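Protein sequences appear in the order of chains A and B. The numbers in the UniProt record's numbering rise by one with no breaks, and the one at position 235 of the first sequence is 235. The numbers in the UniProt record's numbering rise by one with no breaks, and the one at position 272 of the second sequence is 272.
Honestly, the hints are just simulated from the structure, not real lab data. All figures in this text were calculated on a predicted structure; none of them were measured in a lab. Every residue gets a Cβ at the ideal spot worked out from N, C-alpha and C, and that includes glycine. Some clues are possibly wrong.
One-sided and incomplete, this derived list gives chain A residues near chain B with beta-carbon spacing under 7 Å [to be verified]: (1) VAL117; (2) GLU159; (3) ALA252; (4) ALA255; (5) PRO274; (6) TRP277; (7) PHE279; (8) GLU280; (9) ASP282; (10) GLY283; (11) ARG288; (12) VAL291.
Given next are the chains, with one letter for each unit.
There are 2 protein chains.
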Amino acid sequence: MKAVVVERGASRPTLLDVPDPEPDAGEVLLRTLRVGIDGTDHEVVRGNHGGYPPGDDYQILGHEAVAVVEDANGTDLDAGQLVVPTVRRPAGESNRYFERSEPDMAPDGQYVERGIVGAHGYMSEFFTSHPDFLVPVPDSFAEHGFLVEPVSNSEKAFEHAFAARSAFEWDPESALVLGNGPLGLLTLAMLETESSPFERTYCLGRRDRPDPTVDVIERLGGTYVDSRETAVDSVADAYEPMDFVYEATGYAKHAFETVDALAPNGVGALLGIPNDWEFEVDGGRLHRELVLENKALFGSVNSNARQYEAAKDRLGAFPDWFFDAFVTDVYAPENVEGAFETGDDVIKTVVEFDAP
Amino acid sequence: MKAVVVERGASRPTLLDVPDPEPDAGEVLLRTLRVGIDGTDHEVVRGNHGGYPPGDDYQILGHEAVAVVEDANGTDLDAGQLVVPTVRRPAGESNRYFERSEPDMAPDGQYVERGIVGAHGYMSEFFTSHPDFLVPVPDSFAEHGFLVEPVSNSEKAFEHAFAARSAFEWDPESALVLGNGPLGLLTLAMLETESSPFERTYCLGRRDRPDPTVDVIERLGGTYVDSRETAVDSVADAYEPMDFVYEATGYAKHAFETVDALAPNGVGALLGIPNDWEFEVDGGRLHRELVLENKALFGSVNSNARQYEAAKDRLGAFPDWFFDAFVTDVYAPENVEGAFETGDDVIKTVVEFDAP
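Build the full structure now, drawing on both the sequences and the hints.
Rendered as structure tokens:
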């Protein structure tokens with residue numbers, strides 16, 4: 001079958017002919033429809049994550065997928081059913097995090113991530129999986145169901161943010177998303193759905209108008225904040241202090257500037273994964289502000305099945321126009337290099353193996 | 001009546017004769033038994049907090065008190081009843097934070113703090129208060145009831161810590177208290193009560209043995225960590241990664257080193273209030289560790305009536321020996337300067353206005 005891989009030593013995606021996967025007993029065979037590409041895929045291709053699947057000199061890419069059950073292989077699933085696969089699998093034997101259905105909380109060494117580290121991903125004509133790691137989705141999700149995975153990551157961050165503020169009566173109104181990349185825009189769209197408590201949303205980027213991401217921000221109802229004019233630590237003064245800040249830039253200074261952007265009793269969710277970077281901070285002031293204003297900060301990675309379910313509901317509440325504006329290009333596997341090209345006109349790209 | 005005050009321009013406590021307070025309608029008159037002294041009192045005396053009560057050139061000190069109702073003044077309280085007063089009062093009109101019984105979450109400008117900023121404290125023979133700000137305690141609390149206030153601050157921090165980890169199944173075992181001052185030792189004692197889930201506790205200080213705080217740490221069942229031998233960011237390697245870190249040093253670098261000390265999925269509570277201090281951090285690494293290991297950090301200040309109630313239960317579960325070891329000196333108001341003297345033999349001092 002055709003698979004999009006990064007080969008050992010390479011730093012770009014290529015199409016490879018690999019053996020068709022055979023489902024083990026208890027596993028199902030899946031036919032891939034679409035696989036989205038995000039920043040993590042770019043990092044895998046650049047070799048930042050490492051960890052090829054055991055015995056292989058290539059890594060099949062892709063962790064944001066929507067697929068059809070091709071062969072239910074005696075499981076409770078039905079052939080023809082649409083599913084979205086989760087990303088983490090136990091490293092070796094199962095462990096308590098997977099037994100609790102909380103793979104997202106497993107520490108380093110207790111998991112592999114399909115398409116990212118230690119296990120093949122979904123960017124191939126077929127893949128196999130145990131049904132425990134497949135979330136059924138309605139047929140209407142054939143086209144954009146690959147977005148369930150990234151949205152589930154933000155659902156987790158929202159859950160943790162509200163949990164962190166659950167010891168008192170928190171009534172958040174303002175939210176700031178740091179980053180106008182795909183995850184930032186998806187999160188802004190989530191903050192703008194009807195069930196969201198946020199009344200005023202902001203999204204930070206560094207683009208000149210006209211720009212498609214600025215258009216999406218404003219059409220969603222958010223305020224675009226140009227970081228070249230308003231730094232994160234000036235947002236509270238220039239706009240308003242933020243009850244919730246969601247960081248999706250991977251820019252390490254934003255983690256610290258988030259403390260300044262927050263309103264009293266606010267909470268900041270960090271999702272970016274920066275490299276080492278030493279710099280100076282006014283640690284005394286940041287520490288004091290956290291304390292005297294009851295502020296909170298937390299990191300969040302990956303997501304669990306419950307959050308995939310929440311993401312399904314959330315995606316159903318997105319406005320129809322969003323998907324067309326957000327998914328800027330659809331590529332055939334043969335043209336996968338194009339799907340990894342970046343530019344101001346590109347928001348989200350997807351590789352299509354089979355028509356939805 | 002006699003009151004321990006800091007006068008404008010002074011930087012040490014003095015005994016002053018001030019007018020007896022008169023309860024307004026709806027207020028009660030209280031006779032003070034004992035008032036504990038903590039780091040905040042030292043800061044008030046040094047002038048770090050400022051904010052004298054309107055119209056006065058002196059601030060009556062003290063916010064950790066236990067008192068007897070002298071005149072119930074038509075309220076629901078009974079004369080002779082023992083109470084512990086809370087610290088915050090609305091600045092002017094009441095506001096939503098006080099109406100929700102969450103004065104601890106009120107932002108700057110919406111509260112004054114008795115004995116700290118903008119309102120007289122309890123270090124006087126009598127004081128007045130609305131009953132809403134008085135927590136009844138049993139007669140057995142006459143001697144050590146002044147500890148309800150500091151313990152309530154840690155109850156709040158515990159509540160927020162568990163809330164912050166409530167979106168998943170958190171089963172913490174290890175806890176590290178940063179600081180062997182009075183609040184650190186009280187918190188260690190709390191972590192060692194039977195209802196606490198922590199199986200292994202550690203307390204960081206910088207003292208040579210023999211030392212009374214090290215004795216208390218070890219008698220409680222904790223492990224003493226000498227920060228001169230093991231820095232906070234080495235604790236995970238030297239001992240074990242910590243599920244919970246409680247910072248009570250006010251040393252700003254500890255806020256950042258806490259991230260290193262935490263186990264995956266752990267949470268750090270910051271309670272110290274440092275001054276400005278610029279220093280270098282590996283912000284990229286800290287940011288990345290927060291994210292990839294799902295770590296959380298929050299600041300916490302003050303406490304509410306629910307947490308005072310929890311503190312009452314908690315204090316009842318402390319071992320008897322603790323109080324004698326912890327309260328190292330009791331001073332008459334006339335000798336208050338002694339109560340503010342520090343030294344390696346001093347843990348907690350208290351000013352006694354009337355015999356418990």
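Restraint check, 7 Å cut-off on beta carbons, for TRP277 (chain A) near chain B | holds (3 Å)
Please verify that hint: ALA255 (chain A), Cβ, nearest Cβ of chain B, below 7 Å or not.
-> holds (4 Å)
Does PRO274 (chain A) meet its interface restraint, that is, does its C-beta lie within less than 7 Å of any C-beta in chain B?
-> Check passed: Cβ of PRO274 (chain A) comes within 4 Å of chain B, closer than 7 Å.
Evaluation of the interface hint that places ASP282 (chain A) against chain B, nearest CB under 7 Å | holds (5 Å)
Hint check: 7 Å Cβ-Cβ cutoff, GLU280 (chain A) to chain B = Since chain B brings a Cβ to about 5 Å from GLU280 (chain A), closer than 7 Å, the hint holds.
Can we keep the VAL291 (chain A) interface hint, with Cβ of chain B closer than 7 Å?
-> holds (4 Å)
GLU159 (chain A) as an interface hint toward chain B, with CB separation required under 7 Å | This hint holds: GLU159 (chain A) lies near chain B, its Cβ roughly 5 Å from the closest one there, short of 7 Å.
Against chain B, with CB atoms and a cut of 7 Å, does the hint on PHE279 (chain A) hold up?
-> Interface hint status for PHE279 (chain A): holds (5 Å vs cutoff 7 Å).
Regarding the hint that GLY283 (chain A) lies at the interface with chain B, is the smallest CB-CB distance below 7 Å?
-> Where the cut-off is 7 Å and the nearest Cβ of chain B is about 4 Å from GLY283 (chain A), the hint holds.
Would the hint on ARG288 (chain A) stand, with a C-beta cut-off of 7 Å toward chain B?
-> holds (5 Å)
Proposed interface contact between ALA252 (chain A) and chain B, which counts if any beta carbon pair is under 7 Å | holds (4 Å)
Would the hint on VAL117 (chain A) stand, with a C-beta cut-off of 7 Å toward chain B?
-> violated (11 Å)
Comparing the model with each earlier hint shows a violation of hint 1 alone; every other hint is respected.
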